[in-house]
Amino acid sequence: MKKTNVPGSQSFGQKLLQFIRNNTVPIMFILICAYCIPQAGFSWSYLLNEVMTRLGRNAFLILSLLIPVMAGMGMNFGMTLGAMAGEIGLIFAADWQVWGIPGMILAAIVSIPISVALGVMIGKILNRSKGREMITSYMISFTMNGVYQFVVLFMMGPIIPIVHDSLKLPRGYGIRNTVSLLSMRQSLDNLLAVQVGGVKIPVLTLLIIGLACLFIVWFRKTKLGQDMRAVGQDMEVARDAGINVERTRVISMVISTVFAGFGMIIYLQNVGNFPTYTAHTQIGMFAIAALLVGGASVDRASIGNVFLGVILFHTMFIVAPKTGAAITGDSMIGEYFRVFVSYAVITLALVMYESKKRKNKSLAGQQLAAEQAAEEEASK
Amino acid sequence: MKAKRRLLFQILAVVLLVAIGYTMTIIGRGHTIYLDSKTLEYDGQTYKPAYKTVVYVDGQQVAKLYDKERGVATCIGQTLTVTLEITQQKGGTEEVYAYNIPVPRKMDNVIINLPGFLAGLPEEAYLSEFIPSPDEVAADETDVPSDDDFGMEDMGMGDESAAQ
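These protein sequence lines map, in sequence, to chains A and B.
Start counting the first sequence at 468; every next residue gets the next number (my numbering).
Start counting the second sequence at 5; every next residue gets the next number (my numbering).
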């Protein structure tokens, strides 16, 4: 009897194994959370409140990563550039004394041209480094961090007008280490917020996140979205089909960068202030880690991965220090744990992606060899 | 033709964004308002404050002012809507009034003298700009970024509130 590889013919055990293999990272995090939550001893209302706050704060940022994945560009470490654009928008909104939600809208509008310009730049650079997009975008984010520092530290004041002394360094130019956003702190989260069983639901923030999700769902169905998926699957085939591959990839980076700018504004209005020179540096890392924890991979990510990732990753973030303190007596252990886990999960996801790719390649090679052997056998 | 239409849409989008941005700078312009319950001398006349003035903004009590006291409120936009609960003399009855006080767009910090405003004096009499002293502005720090610029302190390791 010949053994077949038809998916429907797999036994339950094989299916389960396949499921576990495909969802190793989320399962691992569910187990970590299941162990840590009782150890930390937080009340459910506190835990849910924290998770809800972090969901509202981070989901938009993580959603910005989906479109480059769709276009086959992997995890966009260059989202940091969008975050910088969002911060520049907020600096101007704070300087022009525009408060509350109007201040956020103004910051978003200011961030758009900066994000578009940075998105086009990073897209064009990534078109010259196809196949190495992630490391390239990671390095670009470091490079642009230097440019951002130069602009904010030296150009704001003498060249770019900054009116208020409260924003400037005592020397008269450059922005202070911390920008206060007290005038717009949680203005989005508090508007239309409802309390359910002691848990604050930031309805308006969630609605905006919902709109972003709808945009992504709609975008996938458009001609451009279909083109992006085709480019993501096989660039050469897409090119042969008449798709302008380079332009499509640049557009995906522009959308991602603009979204990241908006996401950063939503994130920072929740926090209420930001360290001018460092707020954006780790944002890409944490957003990517959260998406990977949600079960995404370098070539496949969905909206479901975003929400599952935020919940699992941030639950781990919330409970890790207290669990560390409960187990070892030192909460710093938990602090270190949650940081190294962020990096570890990215490493694990990258390794798994590469090994899966190689395995598929070797399977395809074996299949081809078997087919050739069968053909030779038949021709004899 | 297609390129022209595309350019037109792009220009329209830019104009729309600029218009929205400008509108935001008007409707979202924030002011800090200092409400003074102090005697005002104007045009040779003296305007004395009430014994007690309770100030409400958006239904929230922001200040309870006696003679020579100052209260602070914030205002977004160009009009401060206040409800004043005024007691003219000790033991007297409270009178409640609602006012819309126009606030100049260009001023960040505005001082409003309540006796002058309540007496119906012109704006230049009861309204002035509060300019904080430069020492006060520069007092809270700060220097250029430290070597720890790659964010572990702020985003991951140190400050819990900033860590996602």
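Hints are computed from structural coordinates only; laboratory data are not their basis.
Because the structure is a prediction, the values reported are computed rather than measured.
Don't be surprised by glycine CBs; every beta carbon is placed ideally from N, CA and C.
Some hints here could point you the wrong way.
[Stated by the list, open to error] DSBU-like cross-link-like pairs, simulated, lysine-lysine; straight-line CA separation at most 30 Å:
(1) K597(A) <-> K688(A)
(2) K690(A) <-> K8(B)
(3) K591(A) <-> K6(B)
(4) K68(B) <-> K56(B)
(5) K42(B) <-> K688(A)
(6) K42(B) <-> K94(B)
(7) K591(A) <-> K72(B)
(8) K72(B) <-> K635(A)
(9) K72(B) <-> K688(A)
(10) K597(A) <-> K482(A)
(11) K823(A) <-> K482(A)
(12) K591(A) <-> K824(A)
(13) K482(A) <-> K789(A)
(14) K597(A) <-> K823(A)
(15) K52(B) <-> K72(B)
(16) K789(A) <-> K597(A)
(17) K94(B) <-> K110(B)
(18) K110(B) <-> K42(B)
(19) K110(B) <-> K690(A)
(20) K72(B) <-> K56(B)
(21) K42(B) <-> K8(B)
[To be verified] Not close to chain A: a few residues of chain B, all C-beta gaps over 10 Å, as computed:
(22) F13
(23) L16
(24) R33
(25) Y70
(26) Y101
(27) D112
Hints breached by this structure: As far as the earlier hints go, 5, 7, 8, 9, 10, 13, 16, 17, 19, 21, 24, 27 are violated by this structure, in ascending order.
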